[in-house]
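Protein chains in written order, with the working numbering: chain A, 1 to 230; chain B, 1 to 279.
Each hint should be verified, as a subset may be incorrect.
Stated by the list, open to error - Within a straight-line C-alpha distance of at most 27 Å, the following computed DSS-like cross-link-like pairs (lysine-lysine) qualify: (1) A:Lys111 / B:Lys31; (2) A:Lys153 / A:Lys186; (3) B:Lys36 / A:Lys121; (4) A:Lys121 / B:Lys132.
Stated by the list, open to error - Counterexamples of contact, computed for chain A against chain B with all Cβ distances above 12 Å: (5) Glu13; (6) Asn44; (7) Ala45; (8) Val48; (9) Ser73; (10) Pro109; (11) Asn115; (12) Thr143; (13) Phe152; (14) Asn157; (15) Trp160; (16) Pro174; (17) Lys186; (18) Gly193; (19) Glu218.
Derived by calculation from the structure, the hints in this document are not laboratory data.
We put the CB at the ideal spot given by N, CA and C, even for glycine.
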Amino acid sequence: MWCELLQVNFFDEYQMEGLSPEANEICLEVAPENISRALKTAQNAKAVKVKLTKKHCPCLTLSAELPSLSSISRVVTHDIPVEVIPRRLWHEFKEPTVPDFDVSIYLPPLKTMKNVVDRMKNLSNILVLEANLGGEMNLKIETDLVSVTTHFKDLGNPPWGDSASQSRSQSWDPEAMAHARVDVRKLQQFLIGQQINPSKAMCNIVHNRIVHLILLQEDMSLQYFIPAVA
Amino acid sequence: MPLSTRSQDGDEGCVLAAALDNVRNLSNILKAISFKDHAVFTATRDGLKVTVEDSKCLQANAFIQTDVFQEFALREESVGFQVNLTVLLDCLAIFGCSSAPGVSTALRMCYNGYGYPLTLYLEEGGVVTVCKINTQEPEEPIDFDFCSTNVTNKVILQSESLKEAFSELDMTSEVLQITMSPSQPFFRLSTFGNSGNAHYDYPKDSDMMELFQCTKTQTNRYKMSLLKSSTKALALSCKASVRTDSRGFLSLQYLVRSDDGQICFVEYYCCPDEEVDEE
Numbered sequence: 001m002w003c004e005l006l007q008v009n010f011f012d013e014y015q016m017e018g019l020s021p022e023a024n025e026i027c028l029e030v031a032p033e034n035i036s037r038a039l040k041t042a043q044n045a046k047a048v049k050v051k052l053t054k055k056h057c058p059c060l061t062l063s064a065e066l067p068s069l070s071s072i073s074r075v076v077t078h079d080i081p082v083e084v085i086p087r088r089l090w091h092e093f094k095e096p097t098v099p100d101f102d103v104s105i106y107l108p109p110l111k112t113m114k115n116v117v118d119r120m121k122n123l124s125n126i127l128v129l130e131a132n133l134g135g136e137m138n139l140k141i142e143t144d145l146v147s148v149t150t151h152f153k154d155l156g157n158p159p160w161g162d163s164a165s166q167s168r169s170q171s172w173d174p175e176a177m178a179h180a181r182v183d184v185r186k187l188q189q190f191l192i193g194q195q196i197n198p199s200k201a202m203c204n205i206v207h208n209r210i211v212h213l214i215l216l217q218e219d220m221s222l223q224y225f226i227p228a229v230a
Numbered sequence: 001m002p003l004s005t006r007s008q009d010g011d012e013g014c015v016l017a018a019a020l021d022n023v024r025n026l027s028n029i030l031k032a033i034s035f036k037d038h039a040v041f042t043a044t045r046d047g048l049k050v051t052v053e054d055s056k057c058l059q060a061n062a063f064i065q066t067d068v069f070q071e072f073a074l075r076e077e078s079v080g081f082q083v084n085l086t087v088l089l090d091c092l093a094i095f096g097c098s099s100a101p102g103v104s105t106a107l108r109m110c111y112n113g114y115g116y117p118l119t120l121y122l123e124e125g126g127v128v129t130v131c132k133i134n135t136q137e138p139e140e141p142i143d144f145d146f147c148s149t150n151v152t153n154k155v156i157l158q159s160e161s162l163k164e165a166f167s168e169l170d171m172t173s174e175v176l177q178i179t180m181s182p183s184q185p186f187f188r189l190s191t192f193g194n195s196g197n198a199h200y201d202y203p204k205d206s207d208m209m210e211l212f213q214c215t216k217t218q219t220n221r222y223k224m225s226l227l228k229s230s231t232k233a234l235a236l237s238c239k240a241s242v243r244t245d246s247r248g249f250l251s252l253q254y255l256v257r258s259d260d261g262q263i264c265f266v267e268y269y270c271c272p273d274e275e276v277d278e279e
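Bound conformation, chain A alone (with noise of 0.2 Å):
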């Protein structure tokens, strides 16, 4: 999974300083749990203040004002342990390129697919899910006891312009289907995303290969990879 927020949208003061004028980013490796506990305690924050600091081990130290009664405020800290990754690492860390993908295609609304996928998964542990170029995506489960399949129609197909992703797709018959078989479960996972409300949801598809996922809002994207299972 690669998320994406332009800082400027997020923040009122952001100071950077990298590796070095050349190289000017810093690689940090965070257990997720660590970092959506601290922002807990600060979600009714007045303030929060974010920065790398060097306790015992490198930390994110969050600090977050908090409102309170009296007229001193209440601040609390969190120094979440980091792990540096050294230069030589990053490039295990680029934001993955689009595949060269078959088909590219715009998902039907997250809510309805949600409550399809959460069904289906009382059901089958795969799940194929497919689309072509006129708009079409189906999610099928199939097993001993059932098969199930929901229609997505009209949905849509973005135009991506001529790019080097686009060369497998420009020989793709338009009427036949891209699929790949997915586990279910990571479907769901990456469906729990639906709940900021992205102003544009997308899947390109590699047939037989991988599921690309993107969701787009103005000031952040999140880009789901799903490989497909046998």
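Fit chain B to the known structure of chain A by using the hints.
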């Protein structure tokens, strides 16, 4: 409506074809009797009967009459099949359980006969889901041989009062004892659990009591674990009838009225746990 045009072609082989504008009327009733995995569906000119049994001692039947359906077409006198009820309920709820007001899921159901799967077409907001559920040879439902001529005691009450009693029943009691009599205590539910003995009495002239026809004093006990399965249907109902026959067999009948005024019936038959001599 897209569903009906599609069905015109698909109807060719259909031995049973039925359509509902709002699948919720069917799924709520089926959920109420889903205490076991499998259900037997029997379609006749009168409508659909769904049967679920537990350990040969309890049988639930849900009746969805022909006029509840927007369409009901049967090519034979009687058509029967068995399906996995849990799977069927998941399919009926494919678009989610709670719907926004004004949004409903439409259902079209089609069965081509022995050996064919049960096909469901569900549609909501222009999205169509097709489900094919494998069917099995229906097991012969038990004939409890409960007929109205053998009924010794019968009461009909507003479900409200029964719901209250059932929600307070001491579940540590292994049995529920039902006493029906033309004299005191008239209609009594009793439990014998860890907290002691408890009795719920319904006087025959209570305004909850719509009909009271008891000819003989009878006390019968039924396994609590079996009767617990009937509480979901009770919760949906507005009226209940309780009858016992000369053998002490119990018949519970619940009248269920849906939001749009459709009426369905759910009935339960239960064998007595032990005979208690009449006073």
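Status of the hints after comparison with the structure:
| no. | hint | result |
| --- | --- | --- |
| 1 | A:Lys111 / B:Lys31 | holds, 24 Å |
| 2 | A:Lys153 / A:Lys186 | holds, 23 Å |
| 3 | B:Lys36 / A:Lys121 | holds, 20 Å |
| 4 | A:Lys121 / B:Lys132 | holds, 16 Å |
| 5 | Glu13 | holds, 42 Å |
| 6 | Asn44 | holds, 29 Å |
| 7 | Ala45 | holds, 34 Å |
| 8 | Val48 | holds, 35 Å |
| 9 | Ser73 | holds, 41 Å |
| 10 | Pro109 | violated, 8 Å |
| 11 | Asn115 | violated, 3 Å |
| 12 | Thr143 | violated, 9 Å |
| 13 | Phe152 | violated, 6 Å |
| 14 | Asn157 | holds, 18 Å |
| 15 | Trp160 | holds, 26 Å |
| 16 | Pro174 | holds, 21 Å |
| 17 | Lys186 | holds, 20 Å |
| 18 | Gly193 | holds, 18 Å |
| 19 | Glu218 | holds, 27 Å |
Comparing the model with each numbered hint stated earlier shows that hints 10, 11, 12 and 13 do not hold.
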